[in-house]
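Peer 1: In order, the protein sequences belong to chains A and B. For the first sequence, the residue numbers in my numbering are 1 to 170. For the second sequence, the residue numbers in my numbering are 1 to 89.
Please keep in mind that the hints were generated in silico from the structure rather than gathered at the bench. A portion of the hints provided could be inaccurate.
Said to hold, decoys possible - No more than 27 Å apart at the CA atoms, straight line, and that leaves these computed lysine-lysine pairs for DSS-like:
#: 1; chain 1: B; residue 1: K74; chain 2: A; residue 2: K14
#: 2; chain 1: B; residue 1: K73; chain 2: B; residue 2: K18
#: 3; chain 1: A; residue 1: K14; chain 2: B; residue 2: K73
#: 4; chain 1: A; residue 1: K14; chain 2: A; residue 2: K50
#: 5; chain 1: B; residue 1: K73; chain 2: A; residue 2: K121
#: 6; chain 1: A; residue 1: K121; chain 2: B; residue 2: K74
#: 7; chain 1: A; residue 1: K148; chain 2: A; residue 2: K108
Source: prediction; values computed, not measured.
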Amino acid sequence: MENLVRENLSINIKIIDLLNEQIKMEAKASSMYLAMASWCEQHGYDHSAKLFYDQSAEEREHMLKIFKFINDNGGMAYAPEVPKVSHEYESILDLYKTALHEEIQVSKSIQSIFLTCRKEKDVASELFLQWFVNEQLEEEQKMRHAVKIYELHGDDVENLYALDKRISRG
Amino acid sequence: MITFTLSSNKYQLNFHGKEMLLSFCELLAFRNTINAIDIDSHFYNDHSGIEIVPLCNLKEILILETTDVIELKKIIHAIFTPKEVEVLN
Numbered sequence: 001m002e003n004l005v006r007e008n009l010s011i012n013i014k015i016i017d018l019l020n021e022q023i024k025m026e027a028k029a030s031s032m033y034l035a036m037a038s039w040c041e042q043h044g045y046d047h048s049a050k051l052f053y054d055q056s057a058e059e060r061e062h063m064l065k066i067f068k069f070i071n072d073n074g075g076m077a078y079a080p081e082v083p084k085v086s087h088e089y090e091s092i093l094d095l096y097k098t099a100l101h102e103e104i105q106v107s108k109s110i111q112s113i114f115l116t117c118r119k120e121k122d123v124a125s126e127l128f129l130q131w132f133v134n135e136q137l138e139e140e141q142k143m144r145h146a147v148k149i150y151e152l153h154g155d156d157v158e159n160l161y162a163l164d165k166r167i168s169r170g
Numbered sequence: 001m002i003t004f005t006l007s008s009n010k011y012q013l014n015f016h017g018k019e020m021l022l023s024f025c026e027l028l029a030f031r032n033t034i035n036a037i038d039i040d041s042h043f044y045n046d047h048s049g050i051e052i053v054p055l056c057n058l059k060e061i062l063i064l065e066t067t068d069v070i071e072l073k074k075i076i077h078a079i080f081t082p083k084e085v086e087v088l089n
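This is chain B alone, in the form it adopts within the complex (with noise of 0.2 Å):
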C-alpha cells in the first residue's frame, strides 16, 4: 500500500511500511521523476517491470513494480491538482 500524507509541513511517503519524509522540492522531483516514466514501456516484452527511482536527494531509493508506478502517478496527480475554489486564491 502506497500513502501520502501531511506531516509538519512535510510529505510523508508510506511505501508498503517504508516511511519517507519528503520537502516540498524533494515531492517536486519525486513527480518528475514519476512522470518520466514511460508505462507504456513495462508492457513489452522486454522490459523487466521493475524501475528503480532515487529520491530525496540520493538519500532513498525505491525498486518500484509496475502496479507500483501506476498508484505512484495517480496519487501523485491527485496532489497536484487543485480543486476549484483554490485556484484563484
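Bound-form chain A, shown alone (with noise of 0.2 Å):
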C-alpha cells in the first residue's frame, strides 16, 4: 500500500500538509497588506499604499506558487479560509512594525518547514523552499528598512509625508 502512496506522491505527506499551512498564513499576509493599503491611502500615505497593494500581490502569488507544487506533485492543495484582519493602527509606524512582524513569522514558518524537509529526506521540497527563504530576507529587509526610516525621523508630523516619498524609493 506504502509503494502505491509513493508512486502517486513525488513529496512527503508531511511537507504537504505543513505546505497547506503555509498556504493559509500567505493568503492572510495578502489580506492583511489590503487592510493596510486601505489604511494608507485613508491617511495620505499613497506611497506606503502602493507598496502594501503590490506586497498584497506578491503574497498571493507565493501563495498560488505553493498550490501549484503541492498539486502538481500528486497531493492535494486546499483553498484557504482568510481569518479576519486588523484595519486599524495607531500610526504608520505601528503599521510597518505589524508588518515586519508578519514577515518575520513567514519566514520562521518557511523555515520550519525547510528543516522538516531535511529531516523527512524530501529533496525535492527543500529546493522548492529555498526561493522562498531567499525572497523572505528581502521581505523582511523591505520591512525593517522603512521601520527604520520612520523610528529616526518620524516625530515630525510634517516630516511624515516626506518619508512616504522616500519609503517608496527603497
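Assembling the complex is the task here: the two chains are given apart, and the hints tell you how they should meet.
Peer 2: Rendered as C-alpha cells:
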C-alpha cells in the first residue's frame, strides 16, 4: 500500500500538510497587506499604499506558487479560509512594525518547513523552498527599512509624508 | 470492522461490511477530512459523538462514531507513513 502512495506522490505527505498551512499564512498576509494599503490611502500615505498593494499581490503569488507545487506533485492543495485582519493602526510606524512582525512569522514558518524537509529527506520540497527562504530575507528587509526610517525621523508630523515618498524609493 | 486494501490501483475501504473504491485523489481528500476531525470534542457533553463524512466526491456518505474516527485516523496514518527504506526511493 505504501508503494502506491509513493507512486502517486512525489513529495512527503507531512510536507504537503505543512505547505497547506503555509498557504493559509500567505493568504492571511495578502489580506493583511490589502487592509494596510487601505489604511495608508485613507491617511494620505500614497506611496506606502502602493507598496502594500504590491505586497498583497506578491503574497498571493507566493500562495499560488505553493498551491501549484502541491497539486503538480500529486498532492491536494486546499483553498484557504482567510481570517479576520485588522484595519486599525495607531500610526504609520505601528503599521510597518506589524508588517515586519508578520514577515518574521512567515520566515520562521518557511524555515521550519525547510528543516522538516531535511529531516524527512524530501529533497524536492527542500529545493523548492530554497527560493522562499531567500525571498523572505528580501521581504523582511523591505519592512525593516521602513521601520528604521520612521523610528529615526518620524517624530515630526510634517516629516511623515516626506518619509512616505522616501520609502517608495526603497 | 474497518479495513483498507489495494484493489487494482484503487483503495478499497471496507466499512463495517460496506465496500467502497477510492482513487488516490479521493483517498487524499478523505484523509484531510478525517484528520480535521477534532476527536477531543467528542468527549464534551454537548457532542453527539457522530460525524457525517462525505467521500468519493460526494458519491458516498459515512456516519462515523467516535471509535470509527479513532480507528480511521490510525489506519490512514499508517497508510501514509513511509517505511525507512522508501524515504529516498
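Peer 1: So, for every hint listed, does it hold in this structure?
Peer 2: Consistency of the hints with the structure:
no., hint, result
1, B:K74 to A:K14, "holds (15 Å)"
2, B:K73 to B:K18, "holds (18 Å)"
3, A:K14 to B:K73, "holds (15 Å)"
4, A:K14 to A:K50, "violated (37 Å)"
5, B:K73 to A:K121, "holds (24 Å)"
6, A:K121 to B:K74, "holds (23 Å)"
7, A:K148 to A:K108, "holds (21 Å)"
In this structure, the one hint that does not hold is number 4.
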